[in-house]
Amino acid sequence: MAGVLAGLLGVGGGILLVPFLVLAVGMSQHEAEATSLLVILPTAIAASVALRRRGVGDLPVALVIGVVGAVGAVVGALLALSLPADVLRAVFAVLLAIAGLRLIRDARTEQA
Amino acid sequence: MTSQQRAGVAPGLAAAPGSQWRYARLGAIGLAGGLFSGLLGVGGGVVMVPLLVLWAHYGQRNAHAVSLGAIIPISLAGVLTFGAAGEVRVWEAVALAAGSIVGAQAGTTLLARADERKLKLAFGVFLLVVAAFMVVGR
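Residue numbers (our numbering), protein chains in the order written: chain P, -6 to 105; chain S, 515 to 652.
No lab work stands behind these hints, which were simulated from the structure alone. Keep in mind that this is a model prediction, so the values were computed, not measured. All residues carry an ideal CB built from backbone N, CA and C; glycine is no exception. Heads up, a few of these hints could be off.
Said to hold, decoys possible - Selected chain P positions facing chain S (Cβ under 10 Å, derived; list incomplete):
1) Q22
2) E26
3) V32
4) P35
5) I38
6) S41
7) G50
8) A55
9) G59
10) R82
11) A86
12) V87
13) L88
14) L89
Isolated chain S, as found in the complex (with noise of 0.2 Å):
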C-alpha cells in the first residue's frame, strides 16, 4: 500500500509524528484487546475499537474492520489457551456457529426496520438485566 493509499485507510496513521510510538500504540491497543478478550471470552473490540479511533485515529468503520481481523488471532490464542485446561466445548461452538448464520439473516431485515434510538434503548435494558442474573444465578 502506497503511503497515500495508506493516508485513505487511516489518515492519522500516516501523518502521525514519531512513527515507532504508532507502533507501540497499536500494539498497546492489541495487547488491551487481547487482555479483554482472554479474560472474558469476548472478542475485544469492544476495547479496541474506541482506542483505535481515539488514539490512533481511525475511522469508525476501519476502526471495526481492524477490530475484527484482530480478534482472528486473539480468539484463536484464547480457544487453545482455555482448550488446553479442556474448557472448549466443540460441538456447541460448531452447532452455535450454524445457527447463528442463519440467525443473523434474519436478525439484519428485522434490524433494517428497527428505531435505532428505541433498540439502543432495549438493548441497554436487556443488558442490564442479564447483568443482574449474571450476578443472581440461574
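Isolated chain P, as found in the complex (with noise of 0.2 Å):
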C-alpha cells in the first residue's frame, strides 16, 4: 500500500522516497537513504533496458559515468554515515526546499 502511494506520488527514484521512509514508516535517516538507493537500483535498470529499447541514450557510455560515479558514491556514503542523523536531516530538507522553490519559479515563469 505504501508502496502504491510511493508510485503514485512519481517516488520510484525520487526524491520524496527518503522523506516518505523518515515521515510516513518512521526509518531513520540513514536507513531511509539506504533504502532509497535499494529501490532507485531496479528502477534505474528496468528504465534504463526500456529506454535503449528505444534507441534513446547511450548506456555503454552511461555505465563508465556511473563506474566513476560508484567511487564518489562510496565516499558519499561513508561522509552521510559519519554525520550525526540530524545533520544530514537538515541537508537533505535544504536539498528538497531548493528543489521545491525552482519548481514553483518554473511554473511561475511558464506561459499559463
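Assembly of the complex is requested from the two constituent chains, each provided in isolation within its own frame, with the hints serving as guidance.
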C-alpha cells in the first residue's frame, strides 16, 4: 500500500522517497537513505532497459560514467554515515527546499 | 557506434575538441552525481542531468537516459556501502519497488491529464512543506 502511494507520487527514484520513509514509515535518516538506494537500483535498471530498446541514450557511456560515479557514491555514503542523523536530515531538507523553490519559479515563469 | 551515429545521439560529444577533456568532464559529472547519491540516498540525476545538458552538450532526453544508466552502478555502490553499515531495510525496499510499479501505472494516467504548470506549482509547494517537516521532526 505504501509502495503504491510512493509510486503515485512518482517516487520510484525520486527525491520524495527518503522523506516518505522517515516521516511516514518512521525510519532513521540513514536507514531511509540506504533503503531508498535499494529501491532506486531496480528502477534505474528497468528504465534504462526500456530506453535502450527505444534507442534513446548511450548505455555503455552511461555505465562508464556510473563506474566513476560509484567511487563518488562510496565517498558520499561514508560521509553520510559519519554525520549525525539530524545534520543529514537538515542537509536533505535544504535540498528539498531548493528543488521546491525551483519548481515554483519554473511554474511561475511558464506560459499559462 | 560510428562517429556519425554518436553525433546523432550526442552532437556536442562527437564534435568537441580535445576529447580527453570530454572524458574528464563525463567523469567529473559522474563523480558529482555519485557523491550526491551516496550522501543523500537519491539517484543523483538531479545533479547529473543539468550538468550533462549544459556542460557535456547532451540533449534533454539523452541526458536523462545517460543519467539513469549511470545511476545503476552508482546506486549499487551506495547500497553496498550502507549495507555494510547495516542500514539497508531490504524487505521494505522490495515492498516499495513492487508497489511503485503498480502506483506508477496509475500515476502516469493521472499525469497525462494534468496541467503541467499547476502540477509544478503544487509539487514545488509540497516539497517545501516536506522540507519543513524534515526539519521539525515527526
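* Failing hints, ascending? -> Nothing - there is no hint that the structure violates, so all of them hold.
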